[in-house]
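A.B. asks: Protein chains in written order, with numbering that gives the first Met the number 0: chain A, 0 to 271; chain B, 0 to 296.
Derived from the structure by calculation, the hints contain no laboratory data.
Fair warning: this is a prediction, and the values are worked out from it, not measured in the lab.
Careful: at least some of the hints might be erroneous.
Stated by the list, open to error - In silico BS3-like pairs for lysine-lysine, Cα to Cα no more than 30 Å straight-line:
#1 Lys190(A) x Lys210(A)
#2 Lys191(A) x Lys149(A)
#3 Lys191(A) x Lys210(A)
#4 Lys170(B) x Lys54(A)
#5 Lys198(B) x Lys68(A)
#6 Lys68(A) x Lys149(A)
#7 Lys203(B) x Lys54(A)
#8 Lys206(A) x Lys190(A)
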Amino acid sequence: MVEHIGAPTEATATLTATQERIPTVVVDDAHIIYRVHQGAAGGTTPVAALRRLVKRTHAPNVREVHAVKGVSFTAYRGEAIGLIGSNGSGKSTILRAIAGLLPVNRGAIHTQGQPSLLGVNAALLNDLSGERNVVLGCLAMGMHPDEVAKQAAGIIDFSGINERGDFASLPMRTYSSGMAARLRFSIAAAKKHDVLLIDEALATGDKGFRKRSEQRVRELREGAGTVFLVSHQLSSVRDTCERTIWLESGLIRMDGPTDEVIRAYEAYANSK
Amino acid sequence: MATTALVDPDTGLTQAQLAARHGLRVAGERPSLVEYSRRLWAYRHFIAAYANAKLVASYSNAKLGQLWQVLTPLTNAAVYYLIFGVVLAQNSIPNFIAYLTTGLFIFNFTQSAVLAGTQSISSNLGLIRALHFPRASLPLSTTITQFQQLLASMVVLIGIVLVTGEPITLKWLLLAPALLLQAVFNAGVVLLVARLGSKSSDLKQVMPFVMRTWMYGSGVLYSVSLFERLPAWATTLVQYNPLLVYIELARYSLLEQAPLLNESLTQLWLVAAGWALVAGIGGFIYFWRGEQEYGRG
C-alpha cells in the first residue's frame with residue numbers, strides 16, 4: 000500500500016468503496032462523573048444540614064468521582080473489542096455509558112441502534128419465583144409475550160437451576176448467589192443484539208456453566224455487529240477479541256491488537 | 000498512518016463528523032414525546048407484568064398472603080370508625096360508616112399511589128442501571144398495582160354499603176368512570192413525584208405529612224359541611240380539591256343521603272375530568288423531560 004502515497008489511483012478508489020469500515024460506536028472525548036453518596040460520613044448533624052439548605056450547597060457526603068476522563072475511540076462493525084484495566088479504571092462505567100444507561104458529562108457517545116448491556120447484575124424481584132423473574136426480565140428487554148412464552152423453558156434449562164430439584168418455582172431469595180447470577184445471565188443472553196456489551200458475564204457459575212455461557216457468547220457475537228467484553232480474565236479476552244483497549248484511571252493507556260496490549264498490560268501489572 | 004489516509008475516507012474527520020456521516024445517534028438520547036409514548040406502549044406487557052409481580056411480592060412473606068389486600072382496608076375502616084363514629088360520636092351524617100369508608104378508601108388509593116410513586120425510581124435503581132426501557136413504565140406500574148389494591152377494597156366497600164342498608168341503584172355505575180378519572184389523575188401525580196423523588200430522597204420523609212394535610216382538606220373523616228364555615232375563598236379552594244371531588248363522586252354514586260359540598264353535579268364531573276387531564280398530561284411531560292437523568296449517581 001505504501002507505493003500509493005500521494006497518488007490515489009482508480010484502484011484505490013474502488014478499494015475504498017468496498018472496504019469502507021462502518022463505525023458502530025463512536026466515543027468522542029467522553030467524560031463521566033459519578034456522584035456518590037458516602038452515607039453518614041460527617042457534617043450530617045441537623046444544624047449542618049439546615050445551613051446547607053440555606054446556602055444551597057451540596058451535602059459534604061456527596062463526593063464526585065471522575066470515572067472516565069476524556070476517552071475517544073471508534074468501534075467498527077464485525078469487531079470484538081476487549082476492555083481491560085485494573086479495578087476502578089472505568090471499564091464498566093464506559094460500557095454503561097455506551098449502553099445509554101449513564102449520561103456523559105462532557106463529550107459524546109454515538110451509537111448505531113440500541114446497544115445492549117449483558118450484565119449479571121440485572122436486579123430482579125427476589126420475592127418472586129425464578130420462572131416469574133424469567134418472564135419479567137424478558138419483557139423488560141422488550142420481548143413480546145409470545146416470544147417470552149416460547150423461550151422461558153429454554154432459559155431455565157440453560158441456567159441449570161433445576162439441576163438440583165425444582166428451584167425455578169421457588170422465590171429467588173432462596174437461591175445461592177451463583178444460581179441467581181446464572182439465571183440472570185441466561186435471561187440477558189436470550190435476546191439478539193446489534194451492539195453487544197458484555198460485562199464480566201463469563202465469570203459466573205461453575206465450570207460446566209462457564210463453558211455453556213462462553214459458547215453462547217460466541218453465538219451472540221456471530222449475530223451482533225460489534226462486541227465489547229469487559230473482563231479480568233485475560234484468557235477470555237484473548238479467546239474472543241482481536242482488538243483490546245486498556246484503560247487506566249479513566250484514560251486510554253493503549254489501544255491495539257489484543258496480543259500487544261495484553262503483553263504490555265501484564266508487564267505493567269507484574270511491575271506493580 | 001498515511002496508507003489508511005488513502006484507504007479510509009473517514010480519516011481526517013473528527014469523531015463527531017464521523018458519527019454524523021454514518022448516521023449514528025447519541026447514546027441514551029431522549030426520544031421525542033411521540034416516540035417515547037410509542038415505546039411506552041410497546042412496553043405495556045412489561046408494565047402489566049411488573050405491576051402484578053409487585054402485588055404478589057408485597058404479600059409473599061405474610062402468612063395470610065393475599066388476604067391482606069382485603070384485611071388492610073377493613074382494619075383501617077374499623078379503627079377510624081372506632082375513633083370518629085364511637086368515641087367522638089359523629090351523628091350529623093346519616094350512615095356514617097359508609098360515608099367514612101368511602102372517603103377513606105378513595106383517598107387511600109391516591110395516598111398509597113403517591114407514597115409508593117415517590118420511591119418508584121429510587122427503589123428500582125438496579126433495574127434501571129441494568130436494562131434499557133422507558134422509565135415511565137415504573138411509576139405507571141406502581142399506579143396499576145395500587146389500582147388493583149383499590150379494586151379489592153372496593154369489594155369491601157360495596158359489602159359495607161350493602162350491610163348498612165343502602166339500596167342498589169343505577170347510580171352505582173357512575174363509580175366506574177369516577178375511579179378511572181382518579182386513576183388517570185393518580186398516574187400523573189405519581190409520575191410527578193417519581194421524578195422529584197429520584198432527585199431527592201428527603202421527599203420520602205415529607206410526603207406522609209403532605210398526604211395527611213391533604214386528607215384533612217378532603218373531608219374524609221368528618222362531614223364536608225364543616226368546610227362551609229370557612230371564608231368563601233377557602234371553601235372555593237376546597238371545592239376544587241381533586242381528592243374531595245373524587246370522594247364526592249363516589250359518595251354520590253353509592254350513598255343515598257350523604258352530604259355533598261359541591262351542589263352542581265356537572266361541575267363535579269368537569270372538575271374531576273379537568274384534574275385528570277391536567278395531571279395526566281402534565282405529569283407525563285414532566286417525567287419525560289427527565290428521562291436521561293434517572294439512575295444516575
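A.B. asks: Between the alpha carbons of Lys203(B) and Lys54(A), is the straight-line distance 30 Å or under?
C.D. replies: holds, 22 Å
A.B. asks: Taking only the CA atoms, is the gap from Lys191(A) to Lys149(A) under or equal to 30 Å?
C.D. replies: holds, 15 Å
A.B. asks: Check whether the Cα positions of Lys206(A) and Lys190(A) lie no farther apart than 30 Å.
C.D. replies: Cα-Cα ~23 Å, so holds.
A.B. asks: Does Lys198(B) pair with Lys68(A) here, judged by a C-alpha cut-off of 30 Å?
C.D. replies: Measuring from Cα to Cα gives roughly 25 Å; hence the hint holds.
A.B. asks: Given the hint that Lys170(B) pairs with Lys54(A), test it: the Cα-Cα distance must not exceed 30 Å.
C.D. replies: Violated. Lys170(B) to Lys54(A) sits at ~56 Å, over the 30 Å cutoff.
A.B. asks: Run the distance test for Lys190(A) versus Lys210(A): straight-line Cα separation, threshold 30 Å.
C.D. replies: The hint holds at about 19 Å.
A.B. asks: Tell me if the straight-line CA distance from Lys68(A) to Lys149(A) falls inside 30 Å.
C.D. replies: Roughly 44 Å separates the two Cα atoms, so the pair is violated.
A.B. asks: Between Lys191(A) and Lys210(A), does the CA-CA distance stay at or below 30 Å?
C.D. replies: holds, 20 Å
Comparing the model with each earlier hint shows violations of hints 4, 6; every other hint is respected.
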